[in-house]
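> In case you want the letters, here they are:
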Amino acid sequence: MDILKKTKEILAEILDIDEEEIAPETYLIRDMNAESIDLLELAVALNSAFNIKINDDEIFLRNLRPYLTEAKEKQADEVAYLLENFPFLTKDRMTQILDDLQGGPVLKVKDLAGYVAWREETS
Amino acid sequence: MKLEFSGSRALILGGSCDLALYLAESMIKVNLLPILTYRDENDHKKISNILSSFAGKYETVYLDFADIASLDALFCKIKDDLDFMVDFAQGDIEGLIASANPDDISRYFEQNISFRAKILKKAGRAMLKKKKGRLVFISSSAAAKPNPGQGFYAAAKLASEALYKNLGLELGSRGITTVTLRPGYIDTGRGKAYMQGREKEVLRRVPTRKAITAQEVTDTVLFFLSKSAAGFNAVEIAMDGGLTAGK
Chain A
245 MDILKKTKEI LAEILDIDEE EIAPETYLIR DMNAESIDLL ELAVALNSAF
295 NIKINDDEIF LRNLRPYLTE AKEKQADEVA YLLENFPFLT KDRMTQILDD
345 LQGGPVLKVK DLAGYVAWRE ETS
Chain B
8 MKLEFSGSRA LILGGSCDLA LYLAESMIKV NLLPILTYRD ENDHKKISNI
58 LSSFAGKYET VYLDFADIAS LDALFCKIKD DLDFMVDFAQ GDIEGLIASA
108 NPDDISRYFE QNISFRAKIL KKAGRAMLKK KKGRLVFISS SAAAKPNPGQ
158 GFYAAAKLAS EALYKNLGLE LGSRGITTVT LRPGYIDTGR GKAYMQGREK
208 EVLRRVPTRK AITAQEVTDT VLFFLSKSAA GFNAVEIAMD GGLTAGK
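Those protein sequence lines, which keep their order, are chains A and B.
FYI, in the working numbering the residues of the first sequence are 245 to 367.
FYI, in the working numbering the residues of the second sequence are 8 to 254.
Since the hints were derived computationally from the structure, they do not count as laboratory data.
Cβ coordinates follow ideal geometry from the N, Cα and C atoms, glycine included.
Be careful, since some hints might not be right.
Claimed, not checked - Computed, partial: chain B to chain A, Cβ under 10 Å:
{"no.": "1", "residue": "Asp50"}
{"no.": "2", "residue": "Lys52"}
{"no.": "3", "residue": "Glu101"}
{"no.": "4", "residue": "Gly131"}
{"no.": "5", "residue": "Ala133"}
{"no.": "6", "residue": "Leu135"}
{"no.": "7", "residue": "Lys136"}
{"no.": "8", "residue": "Leu178"}
{"no.": "9", "residue": "Ser180"}
{"no.": "10", "residue": "Arg181"}
{"no.": "11", "residue": "Lys254"}
Unchecked claim - If you anchor each label on the Cβ, the simulated ranges turn out as follows:
{"no.": "12", "chain 1": "B", "residue 1": "Lys129", "chain 2": "A", "residue 2": "Lys335", "range": "33 to 41 Å"}
{"no.": "13", "chain 1": "B", "residue 1": "Ser180", "chain 2": "A", "residue 2": "Lys297", "range": "19 to 27 Å"}
{"no.": "14", "chain 1": "A", "residue 1": "Glu265", "chain 2": "B", "residue 2": "Gly249", "range": "54 to 62 Å"}
Just chain A, with the same shape it has in the complex:
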């Protein structure tokens, strides 16, 4: 199954928008105004569609900022520390995320697809 395509289909249905408007670089919250109930539905739908276990905190990068604070307190390499907690993201993507934090919630469609692919590989 094409993970990105299926993820876009699911998002389009939950958020009631055209699939064509959704790209890998689209932000879930900044661009599509996804709310917490939408994210919950999304987690349930991804679990159902791909038959994988979803950890909501991981896939939605919920504890990104607290982990970043931890990394700073421990004087650890920030990217490496965050990748330990979000192993489905690449080093490049994590660097992008850190540069992008000021703009608001960083979660993009491609991150969801990355999570699904990682879960499929590791399960």
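With chain A's structure known, arrange chain B on it following the hints.
Here is chain B on its own, set in the frame of chain A:
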């Protein structure tokens, strides 16, 4: 009034208590499929004995509020396929707050509040897949008006009511709704045991001077599960003959 239902699969927590078994019978008669939880073999046998004439029309599943693995196994067994849930489960504890054992307090709240929240998380997500679901929590008039010695019981009921209420608030837009029923003195189970030998004294406090019957409770729960009750959500309803309405 003929009741109609959206779906058929009904998980009954605390499935071996008398009220749950009455409800299971009533459900079978209206073509619902009760799935009753049991905590040990004795409970399992009780369910099998009482529902012996309904073989094949109900299911049983193990669930122990002290065993998180049993919760995962339950939802695996029922394949997340759930239309209704009715929650009778409640651990028994009675004692004055100032004399309680600290370990018992922690265990009681872990099992009767935290574990219930974990059940609601699982049930809510299972129902989200179907975009519909109805949950009924059986609370107690003790939530509003506890007797001395019922502090922990009342606290657990109130906390659980809050969880059910919020689930209905949070998922109502997705077709998943909740109702809490607060029965008063019931002439079965623990209520019957409590009233034994002091029925008149107990019922003098109830404006109707009557205990609630098991049939009345099960009829009411069935109504709350039906399409006719779709307007009720995130609400607590007293069914106590007026016990908690006055001073």
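> Determine for every hint whether it applies to the structure shown.
Against the structure, the hints come out as follows:
1. Asp50: violated (30 Å)
2. Lys52: violated (35 Å)
3. Glu101: violated (38 Å)
4. Gly131: Since chain A brings a Cβ to about 8 Å from Gly131(B), closer than 10 Å, the hint holds.
5. Ala133: Nearest chain A Cβ about 8 Å off; hint holds.
6. Leu135: holds (4 Å)
7. Lys136: Holds - the Cβ of Lys136(B) comes within 10 Å of chain A, reaching about 5 Å at its closest.
8. Leu178: This hint holds: Leu178(B) lies near chain A, its Cβ roughly 8 Å from the closest one there, short of 10 Å.
9. Ser180: Cβ of Ser180(B) sits 7 Å from chain A, so the hint holds.
10. Arg181: This hint holds: Arg181(B) lies near chain A, its Cβ roughly 7 Å from the closest one there, short of 10 Å.
11. Lys254: Where the cut-off is 10 Å and the nearest Cβ of chain A is about 41 Å from Lys254(B), the hint is violated.
12. Lys129(B) x Lys335(A): 33 to 41 Å: For Lys129(B) and Lys335(A) the Cβ distance comes to about 35 Å; the hint holds.
13. Ser180(B) x Lys297(A): 19 to 27 Å: holds (26 Å)
14. Glu265(A) x Gly249(B): 54 to 62 Å: holds (57 Å)
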